[in-house]
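There are 2 protein chains.
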Amino acid sequence: MELDDRKRKILLAIIQNYQDTGEPVGSRTISKMNDLNYSPATIRNEMADLEEMGLIVQPHTSAGRVPTDKGYRLYVDHLLTNEETGLTAAEGPQLPATHMEQLLSKRMDRVEEMLMRMAQVLAANTQYTTMVTGPHYKQNKLKFIQLSAMGGGKLLAVIVLNGNIVKNNILDIGCELDQETLGHLNFSLNSNLNGLSVEEINLPLITKVKEEAGEYADIAVKVLDAVAGAFDKEDSMPVYTSGATNIFKYPELADNEKISNLINVLEEKKELGTALGVVSPDGSKQDIQVYIGDEVPVESMKDCSVVTATYQMGDGVQGKIGIIGPRRMDYQKVVETLKATMNQLDGIFKKPEE
Amino acid sequence: MELDDRKRKILLAIIQNYQDTGEPVGSRTISKMNDLNYSPATIRNEMADLEEMGLIVQPHTSAGRVPTDKGYRLYVDHLLTNEETGLTAAEGPQLPATHMEQLLSKRMDRVEEMLMRMAQVLAANTQYTTMVTGPHYKQNKLKFIQLSAMGGGKLLAVIVLNGNIVKNNILDIGCELDQETLGHLNFSLNSNLNGLSVEEINLPLITKVKEEAGEYADIAVKVLDAVAGAFDKEDSMPVYTSGATNIFKYPELADNEKISNLINVLEEKKELGTALGVVSPDGSKQDIQVYIGDEVPVESMKDCSVVTATYQMGDGVQGKIGIIGPRRMDYQKVVETLKATMNQLDGIFKKPEE
DNA sequence: GTTAGCACTCAAACGCATAGAGTGCTAACA
DNA sequence: TGTTAGCACTCTATGCGTTTGAGTGCTAAC
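Protein chains in written order, with the numbering used here: chain Z, 1 to 354; chain A, 355 to 708.
These are calculated hints, taken from the structure and not from any lab test.
Hints may be right or wrong, so weigh each one.
What the hints assert, rightly or not - In silico DSS-like links for lysine-lysine, alpha-carbon gap of 27 Å or less: (1) A:K603 <-> Z:K222; (2) A:K497 <-> A:K576; (3) Z:K270 <-> A:K497; (4) A:K424 <-> A:K612; (5) Z:K270 <-> A:K623; (6) A:K386 <-> Z:K141; (7) Z:K249 <-> A:K603; (8) Z:K249 <-> A:K386; (9) A:K521 <-> A:K495; (10) Z:K167 <-> A:K386; (11) A:K603 <-> A:K576; (12) A:K656 <-> A:K687; (13) Z:K167 <-> A:K603; (14) A:K623 <-> Z:K269; (15) Z:K269 <-> A:K495; (16) Z:K270 <-> A:K424; (17) A:K562 <-> A:K612; (18) Z:K167 <-> A:K424; (19) A:K521 <-> Z:K154; (20) Z:K302 <-> Z:K249; (21) A:K497 <-> Z:K167; (22) A:K386 <-> A:K424; (23) A:K386 <-> Z:K269.
Every value quoted in this text rests on a predicted model; they were computed, and no experiment measured them.
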């Protein structure tokens, strides 16, 4: 069956009305809208067709229609491909824009705090739940290592990666080192390792570092372990969430067991990586993904939709942002907000880095 | 009216039965218990007295009795003062004990991770929600500062406090420093400030540091700001929570609005400090506090009870742990678990530190 | 192709009766 | 004097049939 223009309009009307009310939409409601001046009967005929096409359903016989996942997919795909249709993206004085600038004007140095704030702002603006992964460092390089004696047989190793990611590690070395030895170790490690990615730190290099460390070879090994740990994915991939309680606003999600499962996933954070998907290597700058209902790869989110985007932070460092909302979420607003945020981040991180 | 032994027993029976079922307890239920061989009528008389004393109430005329806050307070005070009655505290092979040792055997260096794990273990063991504040550093002293050049006009200041608390700060200094200058600054800062508490860093000292820094005085000031920031309460007081979804298990809390408010407070973490109360300066080692219902100083927790304890981490560093549960929580188990955990922490942090 | 009309369906709301748990009170009993 | 059996009473929760109303599909007329 053909999806002509009128059918498309009716589908859109159903989607928008259902977005606002959360209630199934009847033919009368549609017929009263200004740009669809047909009688309820006509609308009903069209709606029967749309149902046959699998784009809408009735929860029960005497109810109005609700968009299906397939219906939403059609709508969302249309949103994402036809740029002109509605996606003004980064333009215009949007709320997130002003908020963002305010929050970034503080020049936060710590990436984590900025990401947390970003999650909070997005959650507040969209009224949905937001999750943000910390940046991926895998492609990153070692900027420098700084060892300092802490006393009590402990050594502080500060490891700095490109993109100004700082990691602390307290190493238990069981003995005290004098300043000179420390200086030697520092120099040896830095001259051998600086500027390398974790893959480039290979066996010959490790052997060389160990040789140079002489009797302190075991300490050097511990430092190298710490370096590997600093690059470690598991550890360097914190996920920040915000606005978890926003889901309480949508009655269709208000089932206690479901909500408990969902909040549990948000608290444990383990599964969120799955929900956000993998960062596509060198994907297009603004690759926005929309997962609708059953498409969401996390069991307890199958009643929701998730919109994800990849953010860039200069130096090739990138991460993911995700918005979790009900299936009837305002996809247009969410996509626009995400695009605007991505653009802003791009702008901010291009200036000071290059 | 006198609270004789039989009345006390009946109160206890009501409390325990209500703990298990969450339903109001009737006279018949009590009379069937082995150690209270009286007819329901007798029990009813006693219950009427207990109600008159304000220790129990009926939700409605034809319902059983439920303990009041006052009834719980009596019970809890009795628990906490009469040590023999039931509080075996740290002894015995409790679940938390074995868990704790497992998790601490990993020798986690990072305090935060340990605290998070502790929250998780406690939440899992008690089936309630747990919150843990990071340690207070106010009384703490500066161990050393390490400045390193990061390039791009940025300086990395690593600030280490007593108790091996490490704070990173990236400072924007707008120029590059050579190694020698950096060494001077490092030396000057450390020789002047090491071993001092934040209160001891006073104006004369600051002037001296600035003088020694010469033309780099403004950089020194920035470092000092960072030091102050590292001591800052707001910043050094993260709160970790775990088991938020455990509250869904207790039907009396299952009101959607209440639960939303509660989870919101747990997510925002701002009010949790209030709930946990202030660390008493040099208070008794195991000062366990129980807040019952309306006694809880946070609005959205007034349907809950909160049990808090102060933990010690050597070097005078201490923080708070809190367990949030329904009013009918198992106070005995919670208090015992907390005492056991405190004792373990004491044991662990005394060994390696002294 | 569009629309008025109408019979039909079904969830939600409502009213009402019933069951059952639990109480307080009184009177009898040890 | 303390304990208990008996009984009337209260109030919630449950179940059930009815009503209401929103919305549909279909048919026939325009």
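Hints and how they fare:
{"no.": "1", "hint": "A:K603 <-> Z:K222", "in the structure": "violated, 45 Å"}
{"no.": "2", "hint": "A:K497 <-> A:K576", "in the structure": "holds, 18 Å"}
{"no.": "3", "hint": "Z:K270 <-> A:K497", "in the structure": "violated, 36 Å"}
{"no.": "4", "hint": "A:K424 <-> A:K612", "in the structure": "holds, 23 Å"}
{"no.": "5", "hint": "Z:K270 <-> A:K623", "in the structure": "holds, 20 Å"}
{"no.": "6", "hint": "A:K386 <-> Z:K141", "in the structure": "violated, 72 Å"}
{"no.": "7", "hint": "Z:K249 <-> A:K603", "in the structure": "holds, 21 Å"}
{"no.": "8", "hint": "Z:K249 <-> A:K386", "in the structure": "violated, 46 Å"}
{"no.": "9", "hint": "A:K521 <-> A:K495", "in the structure": "holds, 13 Å"}
{"no.": "10", "hint": "Z:K167 <-> A:K386", "in the structure": "violated, 62 Å"}
{"no.": "11", "hint": "A:K603 <-> A:K576", "in the structure": "violated, 50 Å"}
{"no.": "12", "hint": "A:K656 <-> A:K687", "in the structure": "holds, 21 Å"}
{"no.": "13", "hint": "Z:K167 <-> A:K603", "in the structure": "violated, 39 Å"}
{"no.": "14", "hint": "A:K623 <-> Z:K269", "in the structure": "holds, 17 Å"}
{"no.": "15", "hint": "Z:K269 <-> A:K495", "in the structure": "violated, 35 Å"}
{"no.": "16", "hint": "Z:K270 <-> A:K424", "in the structure": "violated, 42 Å"}
{"no.": "17", "hint": "A:K562 <-> A:K612", "in the structure": "violated, 55 Å"}
{"no.": "18", "hint": "Z:K167 <-> A:K424", "in the structure": "violated, 50 Å"}
{"no.": "19", "hint": "A:K521 <-> Z:K154", "in the structure": "holds, 16 Å"}
{"no.": "20", "hint": "Z:K302 <-> Z:K249", "in the structure": "holds, 17 Å"}
{"no.": "21", "hint": "A:K497 <-> Z:K167", "in the structure": "holds, 19 Å"}
{"no.": "22", "hint": "A:K386 <-> A:K424", "in the structure": "holds, 26 Å"}
{"no.": "23", "hint": "A:K386 <-> Z:K269", "in the structure": "violated, 47 Å"}
Violation of the numbered hints given earlier is confined to hints 1, 3, 6, 8, 10, 11, 13, 15, 16, 17, 18 and 23; the remaining hints are satisfied by the structure.
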